[in-house]
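Chemist: Here are the chains, one letter per residue:
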Amino acid sequence: MTTETPEASPPAFHSPDRPLWRVAVAESSMAPALLPGDWLLLDPTCSSWPRRGAIVVFREPGTDTLAIKRVAARPGDRVRISQGILHLAEDEAWLLGDNVEPSIDSRRYGPVPLDALVGRAWFRYGPLDRLGPLKPLR
Amino acid sequence: MSRLTRWLEPETTVHAHCDIPCGIYDPHQAELAARTVARMVELIGQIPAGSTEFADRQKLVRCVAIKEQHAEIVKHEIQVIWSDYFKPEHLERYPDLHDRTWKILKLASKNKQNIDAQAAAELEAAVKEFADIFWSTKK
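Those protein sequences? They're chains R and F, same order as listed. Residue 114 in this note's numbering is what sits at position 114 of the first sequence, and the numbering runs on without skipping anything. Residue 70 in this note's numbering is what sits at position 70 of the second sequence, and the numbering runs on without skipping anything.
Sample of chain R residues facing chain F (criterion: CB under 7 Å; computed from the structure): (1) L20; (2) M30; (3) A67.
If you anchor each label on the Cβ, the simulated ranges turn out as follows: (4) P136/R <-> R57/F: 44 to 52 Å; (5) R52/R <-> Y94/F: 44 to 52 Å; (6) D129/R <-> H76/F: 25 to 33 Å; (7) S109/F <-> D64/R: 23 to 31 Å; (8) T63/R <-> A125/F: 28 to 36 Å; (9) K128/F <-> D129/R: 14 to 22 Å; (10) E92/F <-> G62/R: 38 to 46 Å; (11) I115/F <-> R52/R: 43 to 51 Å; (12) W135/F <-> G76/R: 40 to 48 Å; (13) R57/F <-> R18/R: 17 to 25 Å; (14) D84/F <-> D64/R: 19 to 27 Å; (15) T5/F <-> R52/R: 32 to 40 Å; (16) E53/F <-> R74/R: 42 to 50 Å.
Simulated from the structure, these hints should not be mistaken for laboratory data. Glycine included, each C-beta is placed from N, C-alpha and C at the ideal position.
Make a model of the complete structure from these sequences and hints.
Modeler: In structure tokens:
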């Protein structure tokens, strides 16, 4: 058994300069795929927007809170919005909640730049009865 | 809490933001925040007493800030479940619900004011009991 080394950073707190591996979900715009209280593993090493349908954690434009949504469109894609067609720039993605009606997402804050991406959620490790990899949709 | 549990615990919360009241509540965030408060008190206790080292002072300031922030999260989360989720029929089953909630809010404030391992443990236990009550109404 090893002795516990003092931690540089306390747990349950995330500083922007440290990769984030484990998160808990709050709120339900991603239900039923993700429910509040789900514990997820992230891949914080991705350097580009993952494929369409993947679930990503990012800093929400405007508020800077950590949000979780699905990639609906990737850089270079065209998105139909109420004002017409939006052409996503080379670093932008369009992120939507699965519960399209109540979700606060790109329809509210627009395209999300790559530097706001924190990681891709790929595995649910809690609760145990729903343990398993997260399936991309669409 | 064991080191393993601590190792497994999520580092933070991510929001699947919603615009409308969805009727989905979860005391998990309050429990996580209460755990964080207790952990911060623990970490503060590990700082050598009277140290004037910059690193120690920085750690102290950080831990105190996080302790206060998470005690506030406990208050917010508990208040939302108390005011928005619990219904009169739940109160019939748990007549001390208001009193419990009030005590948790007071305990959270006490944890903001002090560095007190006992108060932190009491907060964690009280939030756990609150969560147990919440889940028992879901059965």
